[in-house]
Amino acid sequence: EHDIPVQIGYSVAPRHSGVYPVYPDLYEAWRTVSNVNVTSTIHYPYGRSSDFRLGFRYNNIQVTFLEKSM
Numbered sequence: 047e048h049d050i051p052v053q054i055g056y057s058v059a060p061r062h063s064g065v066y067p068v069y070p071d072l073y074e075a076w077r078t079v080s081n082v083n084v085t086s087t088i089h090y091p092y093g094r095s096s097d098f099r100l101g102f103r104y105n106n107i108q109v110t111f112l113e114k115s116m
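In the working numbering, the protein residues as written are 47 to 116.
It should be emphasised that the hints constitute simulated quantities derived from the structure, not laboratory data.
Accuracy of the hints is not assured; some may be wrong.
[What the hints assert, rightly or not] Simulated restraints, written as ranges between beta carbons of each label pair:
#1 ILE88 - ASP49: 27 to 33 Å
#2 ASP49 - TYR104: 30 to 36 Å
#3 ILE50 - ASN83: 18 to 24 Å
#4 PRO67 - GLU47: 36 to 42 Å
#5 ILE54 - GLY101: 34 to 40 Å
#6 GLY101 - HIS48: 16 to 22 Å
#7 ASN106 - PRO51: 30 to 36 Å
#8 ILE50 - ARG77: 20 to 26 Å
#9 ASP71 - PRO51: 17 to 23 Å
#10 PHE102 - SER80: 15 to 21 Å
#11 SER80 - HIS48: 17 to 23 Å
#12 GLU74 - THR110: 28 to 34 Å
#13 LEU112 - ALA75: 18 to 24 Å
#14 ASN81 - LEU112: 18 to 24 Å
Glycine included, each C-beta is placed from N, C-alpha and C at the ideal position.
Between the sequences and the hints, there should be enough to build the whole structure, so can you do that?
Okay, here's the thing in structure tokens:
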């Protein structure tokens, strides 16, 4: 209606919940309902510096890391 461009296949859970640690039902719903193939999270293991956090793939959905803004 408003011609707002959207990136098809990308979604972020509210407050990044369920992305990491993985919540399987969320990923399954993304695949079957919304056909999502990319998401992002700030909740990622912090054992390594952000330069080495490459993300991961779960249930054929790529998860990328977003740097927390301080």
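Against the structure, the hints come out as follows:
1. ILE88 - ASP49: 27 to 33 Å: This hint holds: roughly 30 Å between Cβ atoms.
2. ASP49 - TYR104: 30 to 36 Å: Since the Cβ atoms of ASP49 and TYR104 sit about 33 Å apart, the hinted range of 30 to 36 Å holds.
3. ILE50 - ASN83: 18 to 24 Å: Once the Cβ atoms are compared, 21 Å apart, the range 18 to 24 Å for ASN83 and ILE50 holds.
4. PRO67 - GLU47: 36 to 42 Å: Taking Cβ atoms as reference, PRO67 and GLU47 lie about 37 Å apart, which means the hint holds.
5. ILE54 - GLY101: 34 to 40 Å: Given range 34 to 40 Å: violated, Cβ gap about 20 Å.
6. GLY101 - HIS48: 16 to 22 Å: 32 Å, violated
7. ASN106 - PRO51: 30 to 36 Å: 25 Å, violated
8. ILE50 - ARG77: 20 to 26 Å: Roughly 24 Å apart at Cβ, these two residues keep to the hinted range, so it holds.
9. ASP71 - PRO51: 17 to 23 Å: Taking Cβ atoms as reference, ASP71 and PRO51 lie about 30 Å apart, which means the hint is violated.
10. PHE102 - SER80: 15 to 21 Å: 20 Å, holds
11. SER80 - HIS48: 17 to 23 Å: 20 Å, holds
12. GLU74 - THR110: 28 to 34 Å: Violated: the Cβ-Cβ distance is about 20 Å, outside 28 to 34 Å.
13. LEU112 - ALA75: 18 to 24 Å: The hinted range 18 to 24 Å holds for LEU112 and ALA75, with Cβ atoms some 21 Å apart.
14. ASN81 - LEU112: 18 to 24 Å: Taking Cβ atoms as reference, ASN81 and LEU112 lie about 22 Å apart, which means the hint holds.
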